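Line by line, the protein sequences are chains A and B.
Under this note's numbering, think of the first position of the first sequence as 10, with each following residue one higher.
Under this note's numbering, think of the first position of the second sequence as 553, with each following residue one higher.
Take these hints with a grain of salt, some might be off.
[To be verified] With a straight-line cut-off of 25 Å between C-alpha atoms, the simulated DSS-like cross-links for lysine-lysine are: (1) A:K13 x B:K783; (2) B:K888 x A:K69; (3) A:K144 x B:K605; (4) A:K69 x B:K605; (5) A:K13 x B:K672; (6) B:K605 x A:K76; (7) A:K113 x B:K703; (8) A:K12 x B:K672; (9) B:K606 x A:K69; (10) A:K12 x B:K783; (11) B:K580 x B:K661; (12) B:K606 x A:K144; (13) A:K145 x B:K605; (14) A:K13 x B:K763; (15) A:K57 x B:K605; (16) B:K884 x A:K69.
Derived from the structure by calculation, the hints contain no laboratory data.
Keep in mind the model is a prediction, meaning the values are calculated, not measured.
Residues per chain are reported as follows:
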Amino acid sequence: MLKKDGVPSPEELEGVKPSQERLEEGPVVIVECMQEIPCDPCYYACPKEAFRPFGDINEKPEIDYEKCNGCSICIANCPGLAIFVLDYNYSEKEGLLKIPYELKPLPEKEEKVIVLNRAGEEIGKGRVVQVLNTKKQDRTAIISIAVPKEILMDARHIRLIRGSTDEG
Amino acid sequence: MRQTDLAIIGAGPAGLAAALEAATAGAKVILLERDEWLGGQLVKQTHQFFGSKKEFAGMRGIDIATHFSEQIEKNKDIEVFTGATALGYYEDGVLTAAYSGRMLKIKPKTMLVASGAMEKMIPFNNNDLPGVYGAGAVQTLMNVYGVAPGKRVLMVGAGNIGLIVSYQLMQAGIEVEAIIEGSSQVGGYWVHASKIRRMGVPILTNHTILKAIGEEKVEGALITEIDENWKPLEGTEREVSVDNICLAVGLSPLAELLWQAGCQMEFSPQLGGYVPVRDEDLETSQEGIYIAGDVAGIEEATSAILEGQLAGISAARKMGFAVEDKKIEQIKENLKSLRAGPVGEHIRQGLAQVER
Ligand SMILES: Cc1cc2nc3c(=O)[nH]c(=O)nc-3n(C[C@H](O)[C@H](O)[C@H](O)COP(=O)(O)OP(=O)(O)OC[C@H]3O[C@@H](n4cnc5c(N)ncnc54)[C@H](O)[C@@H]3O)c2cc1C
Ligand code: SF4
Ligand code: SF4
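Next up, chain A with everything else stripped away, as it sits in the complex:
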């Protein structure tokens, strides 16, 4: 449970998941922000207005999945690093996961990485497909990782196989 150990329970997650139908239609955002906190940059970041306007800055973000095209701009704008983009139909066997990443060194394109779930446990391997780190992102890189479809909904972080953060 989130408030107990930082890991959302299946019930907590249910409330923020786009539907399986929507997932299969193409890239879509998942916003894992499940507590009312005074925060709103996600709303201002989205060019498609997929985030509903906040009536009060403490409201939880609400997403109109029909408006979201998975462009990923919002990922680097969330100070909670709580926004991810999923492309369920990336290939026949693989889904694509986009995560915010602020560790050094950055992974490289085509690099194999260990895939971790929300509790930091290894759940498989993935392949880095893209590393975006533009000036506009202000030091929050966006890493796209191809992972087996079965673990797409659980995969939320990566660890480099070549050794973690000690070069940075």
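With the hints as your guide, set chain B with the ligands onto chain A.
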């Protein structure tokens, strides 16, 4: 003796925002900061800030500090003294400060205390062993001086500061053994907890530290599970091997000058300790003495900035400078909406007790 319209003590987000607003309204400002740099807590914050997009959320603390400092330096109505520690405020309205080996004496028409907060300690065996640090010191070592404070850290406290500093440690390549928290819930924002957790750092609620282990420096810590009354549960003690124990167990307002000035103070657990009674313009019970930021109640940077603006404008208005009432109302409105949610509840309760 220097004369000025407004003397501000502390150049954190509250003091900086206040200086700019007061100077914009036409007041002459003297800004005193005991550190050699401007920005207060902001300087140590390399993470993106929460809060309202309109008040810089999404920017990193350090960049917000730079943004303010640049504007302050350009402003001819603000005289800045860094390395200047305010020492006393006397009945005749004179403020003294130690500044490069001499004593500054200032007679301001109004004064704003924006001195921030200091860290709390908790009692446990050996807590004076080298290697036991406050979270603020760990951040200063890492983010201001670029020195690694250890190889493996036990973080005590799962409030926002404990969670954020843990994240910064991981970014610096330092391992975090665990974050332990005495209460049954993570006190900080859940999104912060989740981002540490998915990096593999356990968050152990209902746990506390019994002692620091080591002869000359920290070599480990003895931790235990506890019940709701903070009583250790037998058989749950265990040793963890760490070389740094980092305490992030809360802040309390740094209010000495306000006591000295004779401001009416009240104890508010929700606001972090003794805080001055104030009116809705942030004036204390002593006429012409204002407060803003953590010294008025432990909160966060967005509210410190808004309070600073409010106190700066209010002080200017008091001295007869023309200010727009609309602007004051807007700031109050923003503060109110920031505190409207469940995480602002303790602030609302605390304020209800000390606002007159
Ligand atoms: C680890 C950590 C993470 C945080 N993360 C966030 C976040 O993500 N978002 C957010 O909104 N807030 C965050 N905060 C909180 C935020 O930094 C503070 O609430 C804010 O800085 C308070 O501003 P302030 O101006 O009141 O005090 P401070 O920033 O503490 O500034 C007070 C200044 O006064 C000076 N001073 C004190 N006494 C004297 C004296 N006698 N003479 C001269 N100068 C003096 C001090 O040196 C200091 O520079 C965080 C805080 C910490 C510690
Ligand atoms: S992925 Fe793009 S379209 Fe979708 S919510 Fe984020 S910013 Fe908006
Ligand atoms: S920016 Fe991130 S943390 Fe802030 S409200 Fe939006 S999703 Fe939540």
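Tested hints:
Restraint check for A:K13 and B:K783: the C-alpha separation of about 19 Å stays at or below 25 Å, so the hint holds. For the hint linking B:K888 to A:K69, the alpha-carbon distance of about 18 Å falls within 25 Å, and the restraint holds. The suggested pairing of A:K144 with B:K605 holds, with an alpha-carbon distance near 19 Å, which does not exceed 25 Å. Restraint check for A:K69 and B:K605: satisfied, since their Cα atoms lie roughly 15 Å apart, inside the 25 Å limit.
About 23 Å separates the Cα atoms of A:K13 and B:K672, which keeps this hinted pair within 25 Å; it holds. Straight-line distance between C-alpha atoms of B:K605 and A:K76 comes to about 22 Å, which keeps the hinted pair within the 25 Å bound. Taken as a hint, the A:K113 and B:K703 pair is honoured in the structure, with Cα atoms around 17 Å apart against an allowance of 25 Å. Between A:K12 and B:K672 the alpha-carbon distance is near 23 Å, which keeps this suggested pair within the 25 Å criterion.
Taking the CA atoms of B:K606 and A:K69, the gap is about 18 Å. The hint holds against a cut of 25 Å. Restraint check: the Cα-Cα separation between A:K12 and B:K783 comes to about 21 Å, which is no more than 25 Å; the hinted pair holds. About 10 Å separates the Cα atoms of B:K580 and B:K661, which keeps this hinted pair within 25 Å; it holds. Our distance criterion of 25 Å between C-alpha atoms is met by B:K606 and A:K144, whose separation comes to about 21 Å.
Only pairs whose Cα atoms come within 25 Å are accepted, and A:K145 paired with B:K605 is accepted, the gap being roughly 16 Å. Distance check on the hinted pair: A:K13 and B:K763 sit about 24 Å apart at the alpha-carbon level, within 25 Å; holds. Between A:K57 and B:K605 the CA atoms are separated by roughly 18 Å; this keeps the pair inside 25 Å, and the hint holds. The hinted pair formed by B:K884 and A:K69 meets the criterion: a straight-line CA distance of about 23 Å does not exceed 25 Å.
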